[in-house]
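Each protein sequence line maps, in turn, to chains A and B. Per this note's numbering, numbering of the first sequence is gapless, rising by one per residue and ending at 519. Per this note's numbering, numbering of the second sequence is gapless, rising by one per residue and ending at 452.
Rather than coming from a laboratory, the hints here were simulated on the basis of the structure. Each residue gets a CB set at the ideal place from its N, CA and C atoms; glycine is no exception. Treat each hint with caution, since some may be false.
[As the list claims (entries may be wrong)] Computed spacing ranges between beta-carbons, pair by pair:
no., chain 1, residue 1, chain 2, residue 2, range
1, A, Ile240, B, Lys266, 32 to 40 Å
2, B, Ser346, A, Leu89, 34 to 42 Å
3, B, Leu393, A, Gly97, 16 to 24 Å
4, A, Leu511, B, Lys266, 55 to 63 Å
5, B, Lys389, A, Leu89, 16 to 24 Å
6, B, Asp243, A, Thr215, 41 to 49 Å
7, B, Gly391, A, Thr485, 53 to 61 Å
8, A, Asn181, B, Lys266, 26 to 34 Å
9, B, Lys389, A, Ser292, 55 to 63 Å
10, A, Leu135, B, Ser346, 25 to 33 Å
11, A, Gly132, B, Asp243, 22 to 30 Å
12, B, Asn315, A, Leu135, 49 to 57 Å
[Unchecked claim] Computed from the model, here is a short list of chain B residues facing chain A with C-beta under 8 Å:
no., residue
13, Thr258
14, Ile260
15, Ala265
16, Pro272
17, Cys273
18, Ala345
What follows is the residue order along each chain.
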Amino acid sequence: MLNLKSKFLAITAALLCAGAAFAQDSGPLIEVLLRKGLINDTEAEDLRAELVKDFVANTPAGKLNLASSVTGLKLAGDVRVRFQYDNEVPNFASAAVGANNDRSRYRYRFRFAPTVSLTNNWTTGFRLETANGATSTNDDFGNVGSTIFAKDGNTVNVGQVFVQYATSNWHGADKVDFRIGKHAHTYLVPGINGFWIDSDINFEGLSEDLTYNDALMKGWNLTLRAGQYLLSANSRTSGKVSGDFINQPNLMWVWQAELSQTYIFENNPYGTRVAPTFMVFSGPEVTGSAINSDTNNYGNLATFLLPFEHVIKANGKPLGFYATYGMNFKGAARADRLYSTTVNMPIIHSAASGNPPDYDTMFNLGVRYGATRNPGDWLATAEYRSVEAGAYTSILLDSDFNAGRVNGDGYILSLSYNWTDSIGTTATFFRATAIDKTGPAGLGFNKADVLQIDLTAKF
Amino acid sequence: MKNSILLLAVVAVMATSASAQKLVIKGSDTLGAKMVPQLAEAYRAKTPGIVFEIAAEGSTTGIAAITDGTADIGMSSRRARPTEISTALAKGVTMKPCVVSYDAIAVIVNESNPLTQMTMRQVEQIFAGDVKDWSVVGGNAGPISIYTRNTSSGTYQDWKDLAMKKRDYASSSQKMAGNEQIAAEVGKNPAGIGYVGIAYKEAQGVKVLAIMLKDGSLVRPEVATVHNKTYPYARPNFFYTNGEPSGLAGQFIEYLLSAEGQEIVAKSGFVPVPAAK
Numbered sequence: 061m062l063n064l065k066s067k068f069l070a071i072t073a074a075l076l077c078a079g080a081a082f083a084q085d086s087g088p089l090i091e092v093l094l095r096k097g098l099i100n101d102t103e104a105e106d107l108r109a110e111l112v113k114d115f116v117a118n119t120p121a122g123k124l125n126l127a128s129s130v131t132g133l134k135l136a137g138d139v140r141v142r143f144q145y146d147n148e149v150p151n152f153a154s155a156a157v158g159a160n161n162d163r164s165r166y167r168y169r170f171r172f173a174p175t176v177s178l179t180n181n182w183t184t185g186f187r188l189e190t191a192n193g194a195t196s197t198n199d200d201f202g203n204v205g206s207t208i209f210a211k212d213g214n215t216v217n218v219g220q221v222f223v224q225y226a227t228s229n230w231h232g233a234d235k236v237d238f239r240i241g242k243h244a245h246t247y248l249v250p251g252i253n254g255f256w257i258d259s260d261i262n263f264e265g266l267s268e269d270l271t272y273n274d275a276l277m278k279g280w281n282l283t284l285r286a287g288q289y290l291l292s293a294n295s296r297t298s299g300k301v302s303g304d305f306i307n308q309p310n311l312m313w314v315w316q317a318e319l320s321q322t323y324i325f326e327n328n329p330y331g332t333r334v335a336p337t338f339m340v341f342s343g344p345e346v347t348g349s350a351i352n353s354d355t356n357n358y359g360n361l362a363t364f365l366l367p368f369e370h371v372i373k374a375n376g377k378p379l380g381f382y383a384t385y386g387m388n389f390k391g392a393a394r395a396d397r398l399y400s401t402t403v404n405m406p407i408i409h410s411a412a413s414g415n416p417p418d419y420d421t422m423f424n425l426g427v428r429y430g431a432t433r434n435p436g437d438w439l440a441t442a443e444y445r446s447v448e449a450g451a452y453t454s455i456l457l458d459s460d461f462n463a464g465r466v467n468g469d470g471y472i473l474s475l476s477y478n479w480t481d482s483i484g485t486t487a488t489f490f491r492a493t494a495i496d497k498t499g500p501a502g503l504g505f506n507k508a509d510v511l512q513i514d515l516t517a518k519f
Numbered sequence: 176m177k178n179s180i181l182l183l184a185v186v187a188v189m190a191t192s193a194s195a196q197k198l199v200i201k202g203s204d205t206l207g208a209k210m211v212p213q214l215a216e217a218y219r220a221k222t223p224g225i226v227f228e229i230a231a232e233g234s235t236t237g238i239a240a241i242t243d244g245t246a247d248i249g250m251s252s253r254r255a256r257p258t259e260i261s262t263a264l265a266k267g268v269t270m271k272p273c274v275v276s277y278d279a280i281a282v283i284v285n286e287s288n289p290l291t292q293m294t295m296r297q298v299e300q301i302f303a304g305d306v307k308d309w310s311v312v313g314g315n316a317g318p319i320s321i322y323t324r325n326t327s328s329g330t331y332q333d334w335k336d337l338a339m340k341k342r343d344y345a346s347s348s349q350k351m352a353g354n355e356q357i358a359a360e361v362g363k364n365p366a367g368i369g370y371v372g373i374a375y376k377e378a379q380g381v382k383v384l385a386i387m388l389k390d391g392s393l394v395r396p397e398v399a400t401v402h403n404k405t406y407p408y409a410r411p412n413f414f415y416t417n418g419e420p421s422g423l424a425g426q427f428i429e430y431l432l433s434a435e436g437q438e439i440v441a442k443s444g445f446v447p448v449p450a451a452k
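The whole structure should be built from the sequences, with the hints applied where relevant.
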């Protein structure tokens with residue numbers, strides 16, 4: 061018969077020989093040995109300490125010297141290579157034939173996001189991304205820098221940097237999520253690439269989410285979201301001396317109330333979500349030629365949006381229907397601004413005077429079938445969308461459809477296939493045409509076709 | 176109020192002991208409040224010429240003191256975390272644990288509460304805030320008032336591990352400085368519930384709930400149920416040293432684990448270590 065010491069030595073040897081990874085998971089086994097009386101508490105503690113020492117000394121992970129306040133470290137990201145074909149025809153009626161932009165690009169993106177979980181429900185992290193545009197993370201191969209194959213055309217930028225506090229049962233709310241910094245958003249934005257908030261956008265400012273379970277009725281959860289985002293910290297206008305600042309920030313305000321009844325089956329979400337949203341921009345009025353610019357002009361934006369999504373199970377796969385209706389309450393005035401050719405003097409909107417129609421609404425309608433989570437999974441999506449000139453702003457719109465511009469409608473078709481659980485292919489075709497083909501430059505294209513074929517590796 | 180008890184116990188007359196040996200003990204306020212000072216006093220009575228310096232500011236400080244080399248013994252009411260062990264190793268310190276006693280954490284309610292028992296699931300649901308009214312668990316209708324230790328306490332975290340599947344406390348829970356404060360509040364509040372070390376289970380106005388295990392059996396926080404591992408909310412208490420305890424620290428730990436030492440452990444309200452078989 062083995063005595064206690066022999067048993068202890070045998071167990072220690074067995075656990076250590078079983079490998080460090082196993083050793084780290086041996087807490088429950090030690091508990092069982094304790095309860096069975098095979099070892100006592102002191103022996104168990106010695107064993108735990110030995111296992112930790114072994115883990116630290118003999119495994120790569122153990123050599124990471126993380127602060128004791130770190131409860132988790134997640135390293136995630138992706139690498140994507142893309143072929144992209146663009147054909148954009150200007151929307152001037154008088155544009156010369158052949159003035160269209162016709163090109164192929166061979167693109168890539170890289171994102172790397174370390175996220176550190178800290179004690180007491182705090183999280184912090186950052187994300188490095190290729191490209192510096194707000195609505196794109198793509199860089200181009202063959203975009204010649206100083207020499208062919210040079211690296212000076214390739215940049216890595218800080219896409220996200222944030223601090224987050226997320227917990228449950230917080231002052232009456234079942235869940236809360238507060239974020240500050242440059243961070244991903246949580247708004248419901250059904251549509252390819254996020255439609256009205258391009259999926260590459262990282263907002264800068266504050267976001268607050270509060271979720272109440274069984275709100276209003278059993279099984280329906282209510283999530284209240286709000287965001288206050290800086291567009292520019294110190295506004296500058298052409299009305300001031302060049303280089304002079306106005307110490308008044310331009311802000312974007314978002315409020316969304318999502319009512320949802322959802323459930324998860326085989327890691328896919330099903331159910332219904334509807335989320336009335338209101339967003340406004342605030343800041344000094346722009347003057348000069350900026351009033352004609354959709355990207356510099358923050359005025360006259362007070363848009364109500366109603367995104368909706370319903371996902372059912374069809375032949376074992378998710379079948380989702382989604383839609384968004386949006387209307388800018390100041391859309392007519394905004395369209396007037398964007399159409400104006402007279403600086404400093406917006407046109408007073410009047411259909412009778414030949415000014416543009418209201419141009420204040422936007423919407424999308426889509427259907428998707430499937431999901432891409434496991435090897436062999438596929439996902440097909442078809443969507444129609446329309447954004448009138450004064451309905452919204454190209455600061456936020458999906459940049460792949462109509463080059464992110466307003467005054468466009470059209471469709472998107474997309475098909476994805478997962479080769480493995482981390483390697484996938486997607487082909488997407490976008491066709492946008494101008495709602496008003498005689499509109500001024502910057503307000504969409506007469507026609508804009510984009511074809512993208514992607515190979516993505518996620519980790 | 177931060178539960179930080181600084182108990183500097185110099186159990187000797189310094190002036191008469193120029194050659195006195197000093198034993199520095201830092202860490203858990205649970206152990207350092209009563210048990211360790213009583214042991215030190217008894218040990219000094221047997222071995223004159225020893226000066227004890229005891230600082231009870233929380234388990235984390237005790238483990239850190241061993242890593243930093245500022246204490247001979249680190250008291251801890253919880254197990255050292257792997258990150259603490261690895262941090263110590265990086266500094267050439269080998270954290271050596273020694274189980275010196277056990278602490279059973281009792282669930283207490285006001286003595287007027289009709290409940291006498293509760294399942295482990297109900298305990299979790301109440302402290303996590305899933306259940307907010309006594310009527311849900313068979314009590315008189317009314318909101319539940321939850322009392323917990325404050326966040327700097329090792330017991331605060333241990334209770335989450337032992338009873339709440341590591342979940343967060345209900346946002347409505349009220350943080351108390353120590354066992355006495357929790358027992359006092361629950362004793363005054365008919366809707367109160369809290370947890371205390373078994374040394375405080377006889378506090379005025381409170382009663383201890385039996386815990387129903389998954390097999391339907393009822394267990395109470397007692398020496399026998401701690402030793403046979405059936406009471407679910409029990410935990411060992413530790414002395415940590417740098418390597419195998421030696422010198423004065425080794426002698427003191429040896430005394431603590433002796434029959435005489437363990438008798439003091441029991442008298443101070445803790446569960447003694449079972450005699451070796």
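Outcome of the hint check:
Look at Ile240(A) against Lys266(B): about 35 Å separates their beta carbons, and that is inside 32 to 40 Å. Roughly 35 Å separates the CB atoms of Ser346(B) and Leu89(A), a value that falls within the hinted 34 to 42 Å. Between Leu393(B) and Gly97(A), the C-beta spacing of about 22 Å keeps the proposed range 16 to 24 Å intact. At about 59 Å, the CB distance of Leu511(A) to Lys266(B) agrees with the hint of 55 to 63 Å.
Judged by the Cβ atoms, the range 16 to 24 Å given for Lys389(B) and Leu89(A) holds: they are separated by roughly 20 Å. Checked against the hint of 41 to 49 Å, the pair Asp243(B) and Thr215(A) passes, with Cβ atoms roughly 44 Å apart. In this structure, Gly391(B) and Thr485(A) meet the distance hint of 53 to 61 Å, their C-beta atoms being roughly 55 Å apart. Range check, Asn181(A) to Lys266(B): Cβ separation about 29 Å, and the 26 to 34 Å hint holds.
One distance hint, 55 to 63 Å for the beta-carbon pair Lys389(B) and Ser292(A), holds here, with the actual separation near 60 Å. Distance hint check for Leu135(A) and Ser346(B): the Cβ-Cβ separation is about 32 Å, which falls inside the suggested range of 25 to 33 Å. Between Gly132(A) and Asp243(B) the beta carbon distance is about 26 Å. The supplied range of 22 to 30 Å therefore holds. Separation of Asn315(B) from Leu135(A) is about 52 Å and conforms to the stated range, judged on CB atoms against 49 to 57 Å.
Using the Cβ-Cβ criterion of 8 Å, the hint placing Thr258(B) at the interface with chain A is satisfied: the shortest such distance is roughly 4 Å. Hint status for Ile260(B) relative to chain A: holds, with the closest Cβ pair at about 5 Å, below 8 Å. With a cut of 8 Å, the hint placing Ala265(B) at the interface with chain A holds, because the nearest CB-to-CB distance is about 6 Å. A distance limit of 8 Å between C-beta atoms decides the matter here; for Pro272(B) the minimum to chain A is near 4 Å, and the interface restraint holds.
For Cys273(B), the interface hint holds, the least distance from its beta-carbon to any beta-carbon of chain A being 6 Å, beneath 8 Å. This hint holds: Ala345(B) has a C-beta 5 Å from the nearest C-beta of chain A, less than the 8 Å allowed.
Checked against the numbered hints above, the structure violates none of them.
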